[in-house]
Amino acid sequence: MKRAKLANFLIGTPTFVWLVVFYALPVLIMFLLAFKPVDANGGIGDGWTLRTVMELRNPSYPSIIWRTAWQGALSTALCIMMAVPISYQLARMAPRWRNLSLMLIIVPFWTNFLIRIYAWKVFLHPHGAFKTALVWLGLAEPSTQLLYNEWAVLAVMVYTYLPYAVLPIYAVAEKFDFSLLDAAKDLGASSFYAFRRVFLPGIANGIWTALMVVLIPALGAYLIPSLVGGPTSELLGDKIAQRVFVDRNLPHASALSALLMLAVFLPLLAGLVLRRLREARQSTEAERQAPAAAKEVRP
Amino acid sequence: MSRRCNRNSRFPFYVLMFAMVFLYTPLVMVAVASFNASKYGGAWKEFSLKWYVQLFHTGAIWEALVNTLVIALLATVFSTVLGTLSALALHRSRSRLKGIYYALVHTPLVVPDILLGISMLLLFVTVMDVCGGWLESLFGLRLELGMTTVVIAHVTFCLSYVAMVVLGRLKEFDNSLLEAAQDLGASGLYTFFHVTLPVIMPGIVAGALFAFTLSIDDFVITFFVKGAGDTTLPIYIQSAMRRGTPPVLNALSVIFLLLTFGLVFVTQNLLSKGKSE
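Chains as they are written, first to last, in the numbering used here: chain A, 1 to 299; chain B, 1001 to 1277.
What the hints contain is simulated information worked out from the structure, not anything from laboratory work. Careful: at least some of the hints might be erroneous.
As the list claims (entries may be wrong) - Facing chain A, a subset of chain B residues (Cβ under 10 angstroms, in silico): (1) 1035; (2) 1039; (3) 1047; (4) 1049; (5) 1086; (6) 1090; (7) 1101; (8) 1108; (9) 1117; (10) 1119; (11) 1155; (12) 1173; (13) 1176; (14) 1250.
For each residue, glycine too, the CB sits at the ideal point set by N, CA and C.
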């Protein structure tokens, strides 16, 4: 017994040490550097200061933070609004078509991230076919700029994160018992009512996962706004990179990063707690409904 | 309104079709542009393979590709070993520290990559600040950002993915197999190499493939921890993209897309075969 414990300790230690040194410690340094001053040649000064944190009240930040939150929420909502009907359709399709469609959704997901953004730069290019078609249809002026604004950022974000939203929702929808929907409709519910009151609660777990896996990278988005966004569509990620690579002000970059870290982890914790509560409620309900079965499963 | 007429709404089907058009229009346009002799996608000039020829003559791309593959191979080896070890430890542990260990392995998956990148940059900068001179005078070691720091960063973010995939496989694992082996007198190590390892092997391979792909795909973390002259393929593409849409990238995109299609097709087939057996 004791030997097994020692063996397990030895197996677990290398990764533990690695993650403490290269993950936990860096995050700690990030929070600490927010309270350090910057020195003249872009290094870290001596002593401690609250100035950097105070500078976050600089009037340009609230609008950037607001835009980051708003863009993140909007792209997440659009992804989920598309992913739910897509997953429904995928789950009800004949297996042959389902596998083909699923593969077509997965391929962009595995394609290099930069290639996907590049494709959008070509697509929205001022001399591109899409722009030409819009002008011909009278939907855009020849001077309309499709790239380098917040709409381009939003489109590319939805494009990038849509597969992230489809996969977890589809994984749950695939196991959903569709005869429940037929039953609801036989009892007089409309298609939409049955969808809303039977299907959506049935796939709620998948929607939660999709919400997390889309919203979190969207809040930290840096590459997309820096490549297809403009000066009026900067997000928090752009500002962090600017502070590192342009101004070489590491304490300031740390303060912004710490803020982003809190913005990501606080809702995540809230989400986890809510989920635990819901699961606990569901399992007590399940036990009430089938006490004998529940007892059999538990050893 | 009769119930029968909205029984099978076509709406989800239309959304799926819209998504397909949305996902593939930009990619198809890049593919078409890659065969266009004109520099701009708007006007078709004539069919040409000149951008592919140019791609094969751009030395910087090949150099970047070699760097990318070396980094990805090293990161895959280290992260697969570390990730698998941590999955085994997590699976067998009954310790109270398990929760902390699990959080340490799991949370890098949800931290936005820009934060992983900047925090590791801050670590390297702080270490160079605090003990850089000291290490150099004592051991002649020069600490600087470069390929080593990139590999360290890649190992760090890849190992969590490996650990989660292997842990998933371990959870499906039938513990009675272990008990049977031990009842028959097998030692701990013998059981590990002849029972546990073969069973979790598909998980380890899947995790390694995952790590390899993630490492090749990464731009943000590499960008933060790389040295001044280092390029990987994503870094090359990004710097080329800042100057517009050079047509040679169209050709590169098409090659990438074909490779991805091939890989996804093969793995899908393998998976569906594994399921039907």
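Here's how the hints hold up against the structure:
Hint status for residue 1035 (chain B): violated, given a least beta-carbon distance of 13 angstroms to chain A, over 10 angstroms. Contact between residue 1039 (chain B) and chain A, as hinted, is supported at the beta carbon level, the nearest pair being about 9 angstroms apart and thus within 10 angstroms. Here the hint on residue 1047 (chain B) is broken, as its CB sits about 16 angstroms from the closest CB of chain A, past 10 angstroms. The beta carbon of residue 1049 (chain B) is not positioned within 10 angstroms of any beta carbon in chain A (closest approach about 18 angstroms), and the interface hint is therefore violated.
Look at residue 1086 (chain B): its Cβ gets to within about 4 angstroms of chain A, closer than 10 angstroms, so that hint holds up. Given hint, residue 1090 (chain B) at the interface with chain A, holds; its Cβ is 7 angstroms from that chain's nearest Cβ, closer than 10 angstroms. The restraint placing residue 1101 (chain B) at the interface with chain A holds, with a minimum CB-CB distance near 6 angstroms, inside the 10 angstroms limit. Hint status for residue 1108 (chain B) relative to chain A: holds, with the closest Cβ pair at about 6 angstroms, below 10 angstroms.
This hint holds: residue 1117 (chain B) has a C-beta 9 angstroms from the nearest C-beta of chain A, less than the 10 angstroms allowed. For residue 1119 (chain B), the suggested interface contact is upheld, since its CB lies about 4 angstroms from the closest CB of chain A, less than 10 angstroms. The restraint placing residue 1155 (chain B) at the interface with chain A holds, with a minimum CB-CB distance near 7 angstroms, inside the 10 angstroms limit. About 16 angstroms separates the beta-carbon of residue 1173 (chain B) from the nearest beta-carbon of chain A, more than 10 angstroms, and the hint is not met.
Annotation: residue 1176 (chain B) was flagged as interfacial toward chain A, and the flag is violated, the nearest CB pair being 13 angstroms apart, outside 10 angstroms. Restraint check, residue 1250 (chain B) versus chain A: the minimum CB separation of about 7 angstroms is within 10 angstroms; hint holds.
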